[in-house]
Each structure stands twice: as C-alpha cells, then as structure tokens.
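**Student:** Please work from the sequences and hints to get the whole structure.
Residue numbers (the working numbering), protein chains in the order written: chain U, -10 to 468; chain W, 2 to 412.
By construction, these hints were calculated from the structure, which means they are not laboratory data. Keep in mind it's a predicted model, so treat the numbers as computed, not measured. No false leads were slipped in.
The list that follows gives simulated cross-link-like pairs (lysine to aspartate or glutamate, EDC-like), each with its CA atoms no further than 16 Å apart:
#1 Lys65/U / Glu282/W
#2 Lys348/U / Asp199/W
#3 Lys65/U / Glu79/U
#4 Lys348/U / Asp399/U
#5 Lys348/U / Glu464/U
#6 Lys348/U / Asp307/U
#7 Lys407/W / Asp373/W
#8 Lys66/U / Glu282/W
#9 Lys407/W / Asp353/W
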Amino acid sequence: MPLSIEPLTRAAIATNRFGFGARPGDLAAIVGDPRGWLLEQLRKPYQAPRELEGLASSREILATYLQLRQERAEEKKRAELGLAAATLVEPLRAALVPHYVAQADARTRIALTSPDAFRERLVHFWANHFAVSIDKPICLGTAGAFENEAIRPHVCGRFADLLLAVERHPAMITYLDNQRSVGSNSVLAQRASRRRQGTEALRLGLNENLAREILELHTLGVDGGYTQADVTSFAAVLTGWSIGGGEGRDRAAENGGGAPGAFVFREALHEPGGRTVLGRRYEEAGIGQGEAVLRDLAAHPATARHIATKLARHFVADDPPADLVDRLTRIYQAYEGDLGQVSSALVAWDGAWLRDARKYKQPHEFIYSTLRALSVLPHEPKVLLASFEALGQRHWSPGSPAGWPDRQADWDGADALMKRIEWSVALAGRVGDASPAIAAAETSLGPLASEHTRSALANADSGSQALALLLMSPEFQRR
Amino acid sequence: MRTRREFLSVSAKIGVAAALFHGLPGVSFAAAPGSRPFVVVILRGALDGLSAVPPYGDPDYAAARGPIAIGRPGEARGALDLDGFFGLHPSLPLLGERWRAGELLVVHAAASAYRERSHFDGQNVLENGGDRPSATASGWLNRALGALAGRGIDGLALGQNVPLILRGPVPVASWAPSRLPEVEPDLLARLRDLYSQDDVLSARLDEATRIGALADEQGGGMAPAGTAVASGKTAANAGGVERLKLVAETAGHMIAAPDGPRIAVFDATGWDTHASEGGAEGALAGRLAGLDQVLDALRRGLGTQWERTAVLVCTEFGRTVQVNGTRGTDHGTGAAAWLLGGAVRGGRVLADWPGLALAQRHEGRDLRATTDLRGVAKGLLRDHLGISEPALAEVFPGAERVAPIKDLVRA
Chain U
-10 MPLSIEPLTR
0 AAIATNRFGF
10 GARPGDLAAI
20 VGDPRGWLLE
30 QLRKPYQAPR
40 ELEGLASSRE
50 ILATYLQLRQ
60 ERAEEKKRAE
70 LGLAAATLVE
80 PLRAALVPHY
90 VAQADARTRI
100 ALTSPDAFRE
110 RLVHFWANHF
120 AVSIDKPICL
130 GTAGAFENEA
140 IRPHVCGRFA
150 DLLLAVERHP
160 AMITYLDNQR
170 SVGSNSVLAQ
180 RASRRRQGTE
190 ALRLGLNENL
200 AREILELHTL
210 GVDGGYTQAD
220 VTSFAAVLTG
230 WSIGGGEGRD
240 RAAENGGGAP
250 GAFVFREALH
260 EPGGRTVLGR
270 RYEEAGIGQG
280 EAVLRDLAAH
290 PATARHIATK
300 LARHFVADDP
310 PADLVDRLTR
320 IYQAYEGDLG
330 QVSSALVAWD
340 GAWLRDARKY
350 KQPHEFIYST
360 LRALSVLPHE
370 PKVLLASFEA
380 LGQRHWSPGS
390 PAGWPDRQAD
400 WDGADALMKR
410 IEWSVALAGR
420 VGDASPAIAA
430 AETSLGPLAS
440 EHTRSALANA
450 DSGSQALALL
460 LMSPEFQRR
Chain W
2 MRTRREFLSV
12 SAKIGVAAAL
22 FHGLPGVSFA
32 AAPGSRPFVV
42 VILRGALDGL
52 SAVPPYGDPD
62 YAAARGPIAI
72 GRPGEARGAL
82 DLDGFFGLHP
92 SLPLLGERWR
102 AGELLVVHAA
112 ASAYRERSHF
122 DGQNVLENGG
132 DRPSATASGW
142 LNRALGALAG
152 RGIDGLALGQ
162 NVPLILRGPV
172 PVASWAPSRL
182 PEVEPDLLAR
192 LRDLYSQDDV
202 LSARLDEATR
212 IGALADEQGG
222 GMAPAGTAVA
232 SGKTAANAGG
242 VERLKLVAET
252 AGHMIAAPDG
262 PRIAVFDATG
272 WDTHASEGGA
282 EGALAGRLAG
292 LDQVLDALRR
302 GLGTQWERTA
312 VLVCTEFGRT
322 VQVNGTRGTD
332 HGTGAAAWLL
342 GGAVRGGRVL
352 ADWPGLALAQ
362 RHEGRDLRAT
372 TDLRGVAKGL
382 LRDHLGISEP
392 ALAEVFPGAE
402 RVAPIKDLVR
412 A
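**Tutor:** Pasting the structure below:
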C-alpha cells in the first residue's frame, strides 16, 4: 500500500471503494489496518446473515408459483368454456410480491448494517455476474433466494463450486429456459414422435439459451473462443437439467418427477451419447457430463481472464489497468479459481488504493452509502425499496442475463443525476436537521472531502441543504 | 389530441419553478425551425421478425414455424396483409393503419454488420454503427449530431441514462418521469458551483436543468385528462404499457416543441422469446400489442410534427427460422425493421427476400441478412437530416461500401 497516503485516507478508501460506505465510527475502527480489515472478511468462514432467517426457500416459492400457474391454466380453460373467470394474473403476483419484498428488504438491511461490507459487496458482484432478472415472472419470487442459496456461500470459495451451484439452481434453470429443453433422441422425444405419427409432429428439442449464456456471460466471455457448434453441443449436454413439478401430470410422471420447485436431472429429457465441446470429448454420463463441462470451463484460461477483468472493472476503474487484470488472471489460475485468493490479490494491489476515486457509484451504492453515513434504517420495507426504483435500480432487475452494466457512461445520464438530486433533497428534508452535514462528511469521506465541498457545506443556508449538497458532491458520487 | 391550451394549463399547474428555470440564461434548446424530427426505437432482446412481419407467402414459412406460425390474412387472427406476401402480426392494428396511410415502410431480412449471436455484442454493433463490437466508443446517432453541429439540433434519450447509440462527444439530455418532488433553483445553483471543477457532472446538471424545464412545459408526463390513468397521476405512477405510452406521448410533445430536441432515442426490452413465444396469441403477441400502442402515443404526442418525422424501429438481430424445442426461437441473424412517420415513403416492403428453405438459410438456421441496416440509417441521415456523404463516412466507419438507401423519405 502506498505509504504516502495517510491512514485515515486509506480507511476511507477501504470502506468506500471496497465496502458500501462508512457508518459513524467505521473509519476510526479500521484506521489501524484498513487492508487487514478487508482481508479478514475474506478469511472468515461463511455464516448466513441473521436477516435471512425466516425467508422462504426458492423451492417453496417456486412450488407455489407452479401450483398457481397450474390453477391459472385450469381457470383459463374454464373461461374459454364460458364459465366465469376470476382475474388470472393477480393471484400469481400477489403470492410472489411479498417474497420479493421480504428478500429485497433483507438484502438491503444486510448492506446497511453489515460490518463485513466488502464480503457483502462481493455477494452483489457475483449475483450480478450470474444475473437473473425479475422482469421474467417466474424469477420474481426466487431471485433473492437464488442469491442466498447459490451465491452467498461461495463468494470466497472456488469458482467451480459457485458455477455448479448457480447452473443447477432452479432460478437460473428457469430464467434461461432450460427446464424443458429436450434432446431430440431422448426417451421423451422418441416416445412423443411415436405417439404423434401421422399428425404434425410436436417437435421437442433443444433450447440453447442457458448453454450460450454460460459460455458468453458466466465463464469464457464473448471472445472466449467458442463457436455456434459449441453452443449447440453444450445445450445437448445440458438437456435434462430441469426442475421438479410443473408442466402437467403426464410429464411429471414420465420425466422422473422430483419435488416441485427443486432442481432435478430428468434422464428422460437428456440427449444420450458423447458430445464435443471446445474440442474436448465428453462421454455420456447423465448429469455428470454437464458437470464435467462446467468444471473444465471454470478452469479455462479465458474464464480466468474474464473474471479478472470484471472484478478489476468493478472495484478499481471502468477500464482497469492491464497489469492488474494480468495479475488477477495469474492468481486465478495458480490457485485453481480460488475466489478468496483472487479478491485478496485485488486488495493487495497498490494501484487499487489511489486516492482519486475512479468509479461513479451505481444507484444502489449511492443509496447504501448515504443511509450508512446517516445511520438511517427506514422501518417500512416498501418505502426503502421505492428509493431503488426511483433511482433506476430495483433489486435483481437488470432486464437481461448480462446483469447491470458497470461503467460510468451507463449510469451518469442527466436525468439520472437529477433523480439523485431530487432523492437527496427529499431525504435531507426528513433527516437533515438531525444529521449535521459536516459530521456526516467526516463519517463517510473523512479526508476525501475536498476543501471546495467543505466550504459549500459551511455556506449552506440550512442543515438539510448542506446534507443534500454533501450527498451530491463529486466525492460522494464516486468511490 | 391535446391542444396547446391544455399544455399551458398543465404548465401553469406545475407552477413557478418551471418558469424560473426558463428564465435562466443558456438553458433553452435552440432547434432550427426547419429541422425534421428523427426518433430511433431499439427493441432489445432480438425481436422475432418472422412473427412481427410474417412472410406468410413463403412456401416454407408455415412448416418451419409450426405451432407459432401466424396464419394467412383472412384466417382467424391471421396476419394483417401488407403486399400479398408479407403481413403484419395481428396485434399491430395501429401500425397497420400507418401502412394504409402510406407512413410505414417495412424493411426485412436486414441486419447490422454483426454475424454472431450475442445480444450484448449485437446491440453494441447496432448502436456503435461500426463493423464489430466496440469498434467505436461513441454511438452513431451522437456522431450524426456532431455532423449536424451548428444547426442547433439537440439529442434526447428517453430514460434516466443514455444508451450507447446516443453517447459521445456531443452532450445529450435524458429524461424520464419522476415521482419525487421538484428541487429548488437555489440548490441547483449551489450544485452548479460545487461541480465547477467536475466537467462531467456540471455538463449533466446543465442538460438536466434545461430538459427538465422543457418537460414541465410539455406536460412532464402528466396524464392528459380523460385517459385511462386517473387524473393527477403522473406517468411515474402508471405501470407497464400505460407508463410507456405517457412517456412516449410526452416525448412527442417535447420533440415537437419549437425549442425541443429533434433527435431522440428510446428502447424497450423483453423480446428474447426462447420459450413459449406464442403465435397470434401469447407472450410475444402481448408485447407487440403494447409496442403498437406506444408507437401510436408517440405519433399523437408529435401532433402536426408527425408529418415531418421519421422513426426507425430496430433490433440487434433476428431469431431462428425453425421453432425450437420449447415453442420459442433462439438467436438468429436477419431481422425486420420499421420506418414510420409522415416523412417516410411508406406503404412498401423493402426486402431482397432470401427464402426460408433450409438451403437458403444463414448457416442452415437463420434468415439470411440481405439488407445492411447501416444503409437504411445512412439513407435517413442523408435524405431526412441532410448530412453530407463525406460526413456519413465518419458516422459509419468501415461502411464505405454500404451505400445509403435512396428514397426512404419524401422529398
């Protein structure tokens, strides 16, 4: 760490760049060893935050969804026969929205109160790397559970374990449509074509969505050297990776059942035989065939570089220094994808501790750092969640499997700035007089607050105006 | 349709703040009175052009599309006929009206320079206007604004942030309705001072202030009386399609205003129909019905300026010809695009149709792309906005051999 930078500045950088911003007292607490504070978070054994207690599991939520969808389908049939139809969509939303609100509220509370904010940031980073988006109705209830079940336990473990947990999670399976992807020579497809002989064959077949996004987004990266043939072949390998319950009685019985809403490998949907992916042959091994491909993808050099680039971009700069990316790539490979080691190497790199903040905060980072600086924890979950919506970043809603983008130009639109100003003014109007802005500046920015900003706060004509100015200052908008 | 008088009454309700903004120096748009509006709508996720504009006359269409094929015109929920070969999806009746009015030109089997199948690279190429992902860091519409420099034409992104197509050296505004209270001018003045050493934030604040004033003047997303949304509710409070309609209509007012921005972009997501896509009914049909209404709201918002407007509706690539194993379609190549507006020489389909038979497909699976979307964009920039051919070469680097398509707009 550059010794030219004084300790309190390093403490402010540690909390802002790697965490979700400082709470009152945080800077003083870690000033002795800011880097050690970060590294310690990576070494701690995983423990589920207590905010997650009492939340429903993805399996329960998905089972509810499947049940309601089934009822809705029956209702629709009755409606077509001229019988009275209740509203068809509302019960589904009504059942799922409370799960979403509870999950998003728990996530927000963890981000606002966690002393291990670096580790929590990594949870958000990986949940966004493996994004599922609630604009697909089947994911509305399960997006949060996915983060807690598949992401959280693995952010400091091996990438291969994280990858396997993600790709067999029901939320990812359903988000990328794999549950009904069927091999054309599978038991199910063969049976269906025999049954339908003479009529127009109901084509059962592949859906390549999951296979493509694993290669492009989750592992190798778009320039990672795969072809359309690799996508198709990998999609065949992944046939049978599905969920239990769902699509009607005969299917559940035929396809190997499985508990509704849980991951299940459906042998009957699986395309039999060996396949070649990225030049390597994978013999038939049921679910083991896909697992073997995923393990090899996790170990691939293109994956190492893809992950290293994204981590460096997220924490350090939109266009990260090449030597940092090289270093993280080497660490990833040397430690066989140990993400704790990769994250440690990031923190150990001196260039990550430059005083100049080069990352513009995304809306959620701005909200978290504001509320942490002020020690404000709204009581009503919906009030809190409305803030994320107003600033354009509802939890788990990036709208695509690529996740939220991570460069300033994606977030610094004129209107987005005005929304932040409006939000800051509204918040400051409520808490301004109780939270002197100058103290909040010391809490959150410490030596990072410029003289120019300090004098603007001192000259403000009210406490709430000073607070709004602090929150919208160039230093507070970056990390 | 709303009258100017109604705008004024809405503006009066919004009150003093807007007037104050308006009085600030250097905060009004300065559009040349003669400049013609140009709007680009990006459908993210890859719209299935074979459903949106079904080539029902192709002998291989019905068999390839099986359960999701759109029926022939005259059948129940069949296609709306265009020219005896192509139709429009039955969920697009308002677009059909534009066709009959001669204001819709359909482009089919078209694509950007991109031939792989990543949404994100595909959108990047569509927006950067080059021949590969990240070919340029700016978007082609921003470079077009650069080529128009000095003519007082401003750009606007509908949304909080600016999509790549409109990013670049020329400052552009963005706007989305807000449910948060308006901010005192005194605070904005203090922020302007606070940002005096920060080029990006100070530029954004200036853009936000002037577009905010214009939006307030033009309705600000307030629901017009008599619409489905209860009076007094803003677009920010409306949901789904209703919200988008109000945004589009307000955008139309803003673009049509004497000092409004003339070039605008908005985007809509949700077109990635890998499973249970549906045919004449179903998931995609619902999306298209919403889009149909949103485009019509834009037309209404533009009022008499619609006559002088061209709207380009495009997507990053098409989808597979063959329906997949889950009654959806996977990522493909050739796509459909629409050119819409009173300035468009419509009532025509522009397509060098490659056919849908196996041997006619790109890599045996996709609709081949026989029209380069950059040629469409070049033709519009040249003939609609008056950008010279030498300047076009800089707007679309690497597209020297892609000629501007002629006669897309009325003289």
